[in-house]
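Colleague: Those sequence lines, one after another, are chains A and B. The opening residue of the first sequence carries number 1 in the numbering used here; numbering runs sequentially from there. The opening residue of the second sequence carries number 241 in the numbering used here; numbering runs sequentially from there.
Since the hints were derived computationally from the structure, they do not count as laboratory data. It should be emphasised that the depicted structure is a prediction, and the values quoted were computed from it without experimental measurement. Beta carbons are placed, not taken as given, at the ideal position from N, Cα and C, and that holds for glycine. Wrong hints could be hidden among the right ones.
[What the hints assert, rightly or not] Restraint ranges, calculated between C-beta atoms of paired labels, are given here: (1) B:291 x A:64: 24 to 30 Å; (2) A:67 x B:377: 21 to 27 Å; (3) B:259 x A:136: 50 to 56 Å; (4) A:126 x B:259: 49 to 55 Å; (5) B:322 x A:129: 54 to 60 Å; (6) B:360 x A:179: 35 to 41 Å.
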Amino acid sequence: MRGPVSELPLVFEAVCYAVGGTQILRSLDLTIAPGAPSAIIGPNGSGKTTLLRMAMGLLAPTSGRVTWGGQTDPAPRRRAILFQRPVMLRRTAAGNIAYALRQAGCPSARVAGRVEELLAQAGLSGLASRPARRLSGGEQQRLALARALARDPELLLLDEPTANLDPAATRAVEDIVRIAAQSGVKILMASHDLGQVRRLAGDVRFMSAGAMHESAPAAEFFQSAKSPEAQAFLRGDIVT
Amino acid sequence: MLESASAFHLILSGDPTLFAIVRLSLAVSLSAVLLAALVGLPLGGLLALTRFPGRDAVVVLINAFMGLPPVVVGLTVFLLLSRSGPLGSFGLLFTPTAMVIAQAVLITPIIAALTRQTVEDLWSEYRDEMNAMGVGPAQRLATLLYDARFSLVTAMLAGFGRAAAEVGAVMIVGGNIEGFTRTMTTAIALETSKGDLPLAMGLGAILLTLILLINSAAWGVRAIGERQAG
Ligand SMILES: Nc1ncnc2c1ncn2[C@@H]1O[C@H](COP(=O)(O)OP(=O)(O)OP(=O)(O)O)[C@@H](O)[C@H]1O
Ligand SMILES: [Mg+2]
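Only chain A is shown next, with the shape it has when bound in the complex (with noise of 0.2 Å):
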C-alpha cells in the first residue's frame, strides 16, 4: 500500500460539491505543498469537515478534481485523518493502534514495537490494555492521534482536534502536532481554537458558506486580514 508517490502536493481545483440540491463547497481552489501546519478557520457550518473529508479522498467533488501529488486515485496511500468525532473500535487501545498499523502495512514483527512507541508518544502507555472505548474524552482524542499518526503519515488531516479539552489535554495534543510538524509531517487542520492556529499552524485559509475566500501567512492574517469575510469574523461578528 505504500507507493513511491508522494500524497503532496494536495491540490483542489474548481471543486464543488452538492448534497441534493444544496451546495456545499463553491468551486474552491487550494494548494497544500509542504511545510509548516496550514490551518482552515471559517464559522460553523463553512464547510470546512466536508473540505478535509474530500482531501482525505472519502468525498469526490461533484465537480472540480482533487489530486495529491499528480495522481487522481483517492485510496489513502501515506494520509490520515483525525475525524472531528472519532470513532474507537470496540478493542483495546493498543488493539486500536495495531489494527491501524496492520492496515497500513506494518510488518507483524513490527506492531507490537509500535503500538509501544504511539501509546507513550500520546502519554497512553498506562492504557495500553484498556477497551478503547471506556477511556475518557480527551484520552480518545490522544488515542485517535496515535491511531493516525500509526499510518506514518506524510499528510495529516486533524479537524478539531481538541475541541472539548482541557487546557492540559489540550497541550497534549499541540505537542504531539508540533513533534509531528517538525519531522515532516503535512499538517491541514481545521480549528476553531484561534489561539491554536496562531501556536500552531504555519499559514490559514479562511473560508465561509463553502468558499475560500483567504489564504495567507499566519502572522500576516491575524495582522491584516483582508477580505471582509474574515475581518467580521475575525471581530467576533456573525459570519455565514
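For this one, chain A is given, so just place chain B with the ligands on it according to the hints.
Modeller: Relative to chain A, chain B with the ligands alone:
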C-alpha cells in the same frame, strides 16, 4: 405430584435411554447451529455491506423466514431427501444428519437476519474510520464480524433456542426412531400421547435446564469478553 416425583427420579438415576435422547438432541441442535452459522454469518454480513438491485426484497424475505413453520421446513427437507427426491441417493432420510439439515435450514434465516442488522449498525459506526484506514472489502467483513462477535453470540443463541425447542421438523425427517433419531422434543410428544407423563415431564425439565445452562454460559462469556474488549 406423583408425576413430577417420577420425573425427578428418572433424572437422578441417570437413566441410559434418557441420557441417549438428551445427548442426541444436543448434538443435533448444536451441529445445526454450527452449520447455520457457517452460512448465516457471512450471508448476513455480505447483505449488510453490499448494495444490489433486489437487496431490499432479499432482506425482507430473510426477515420473514425467521418465522418459518418447522413442519413446512420438515416437509420440504423430507421431499428433498426422500428416495425419489433430488438428494434421495444419499439415503439420509430418517437419520440424525437429516435432522441437522432440517434444523439448520430452519435457523439459518434467524442467524442471517440478526447478523445483517448487527453488522449494518456497526458498519455505519465504523465506516469513516475504516475507509480512512484503507480497509479492503474482505478485511472489512472479517473485522465487523469479529468486533460484533458478542452480539452475534446472541444471534446464535436465538438460533439454538429455536432448534432445540422445535418438534415438527425433526419428527418429519427423523421419524422419531427409538435409540436413533428420538430427541427430547419428539420423545415428549410421543410420551405425552402415550400417557407416560413422568418421562415427558422429566424430559421437559431437562430440556429447559439445558437451554438455561447454555444461555448462562454464553452470557458469562459475553460479559467477560465485553469487559475486556469494550
Ligand atoms: N451529507 C450532507 N447532507 C446535507 N448537508 C450536509 C451534508 N454534509 C454537510 N452538510 C452541510 O454542509 C455544511 C458544511 O458542513 P461541514 O460539516 O463541512 O461544516 P464545518 O465547517 O465543519 O462546520 P463546524 O465548524 O460546525 O464543524 C453544513 O451546512 C452542513 O449542514
Ligand atoms: Mg466540522
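Colleague: If a hint holds in the structure, say so; if it doesn't, say that too.
Modeller: Consistency of the hints with the structure:
A hinted range of 24 to 30 Å for the beta carbons of residue 291 of chain B and residue 64 of chain A is consistent with their spacing of about 26 Å. For the pair residue 67 of chain A and residue 377 of chain B, the beta carbons lie near 25 Å from each other, so the given range of 21 to 27 Å is met. With their beta carbons about 54 Å apart, residue 259 of chain B and residue 136 of chain A fall inside the hinted range of 50 to 56 Å. For residue 126 of chain A and residue 259 of chain B, the hinted distance range of 49 to 55 Å is satisfied, since their beta carbons lie about 52 Å from each other.
Taking 54 to 60 Å as the suggested C-beta distance range, the pair residue 322 of chain B and residue 129 of chain A conforms, at roughly 56 Å. Here the CB-CB span from residue 360 of chain B to residue 179 of chain A is close to 39 Å, well matched to the stated 35 to 41 Å.
The structure meets every hint from the earlier list without exception.
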